[in-house]
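Visitor: One letter stands for each residue in the lines below.
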Amino acid sequence: MQADCEVAKKFALAVWILGGVARNNFYHKNNMNEIILMVHVLFGVGCIIAAVWVFVDVLNASESNLSRIKWMSRASAIFMWLAIFFGGYWYVVFYKVDKAIILKGPWPFAHNFFMESKEHLVIMLLLLATYLPVAASNNLAGNKDARRLVLWVAAMVPLLGLMIEGHGAIIAMGVKVALEAGQH
Amino acid sequence: MQNSISKYTVSFGLSFALASVLNALLVVAKESSHAVQGWMQKLTGHHWVTHCVIIIAAFVFFGLTFAKANGGQGLKIGADSLIKIVVGGVVAGYLIITGFYLIAG
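These protein sequence lines are chains A and B, in that order.
Per this note's numbering, the first sequence starts with residue 1, numbered consecutively.
Per this note's numbering, the second sequence starts with residue 1001, numbered consecutively.
A couple of the hints might just be wrong.
[As the list claims (entries may be wrong)] Listed next, the stretches of chain A that the computed footprint assigns to chain B, with coverage defined by at least 3 CB atoms under 8 Å from CB atoms of chain B:
no.: 1; region: 127–135
no.: 2; region: 147–161
[Unchecked claim] What the simulated footprint calls covered on chain B by chain A, stretch by stretch (three residues with Cβ under 8 Å from a Cβ of chain A suffice, anywhere in the stretch; the number is not a length):
no.: 3; region: 1007–1019
no.: 4; region: 1053–1061
no.: 5; region: 1065–1072
no.: 6; region: 1090–1096
By construction, these hints were calculated from the structure, which means they are not laboratory data.
Glycine residues also receive a C-beta, built at the ideal position from the N, C-alpha and C atoms.
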């Protein structure tokens, strides 16, 4: 019984290692690191665009565009959830390599400040984007207070989103300058 | 013209502000204490994943709890105050997180 258990454990370990190797080969061959990162950014931009759309539509809120406002606010939230899903996966699986490169380069603040704050500010953005469709569920055509609230929330999503996109750009630049410094 | 805001808009607005500040305070706690970060690391395999789970759960929990207050009618609060609280939550969360990493980083 114990021998069977040991064999099963070794088999599971072998499957786990081979699966990991196969996954790493697949990721490496297909540039999955970069693709996942780009998908993360793409959905982040989608969230920002949808929130700007909501902001403009709410400025002219009427019975005719209420349904569109609700759908676009939902789209902003869904894009944000997808952005954090792909970004989170990339951060947990791939970022350690970039982090090591950044910390050895001339821009360690790209990790120490920009990445560290980005990974936590993004949680706040996720909640804010999730709150947008809740706030937009009121009758915005006939409710001035609800309109003002949605305008504030819809304005803060792109503001925070663009700031976080900027952090991402500095992190990428941190890797680039570190690699360039390593070549000289 | 109807000027009332739904109970879920109020409760999740307040919950958002609370969760934003909680998010920032959890950053300070885990970065200042290896024990806290180790516990968060152990829970899901990565401290950031645990951080996300805690904050999202807090947002949902407080949102639903505030909506049930007042005998199920939810918390009563004016639109101006709600906007100030939501914006205040963003500003406080942003300042605590960036301020902490500026000083500690």
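Visitor: Now tell me if each hint is right for this structure.
Guide: Against the structure, the hints come out as follows:
no., hint, verdict
1, 127–135, "holds (count 6)"
2, 147–161, "holds (count 6)"
3, 1007–1019, "holds (count 6)"
4, 1053–1061, "holds (count 3)"
5, 1065–1072, "violated (count 0)"
6, 1090–1096, "holds (count 3)"
Comparing the model with each earlier hint shows a violation of hint 5 alone; every other hint is respected.
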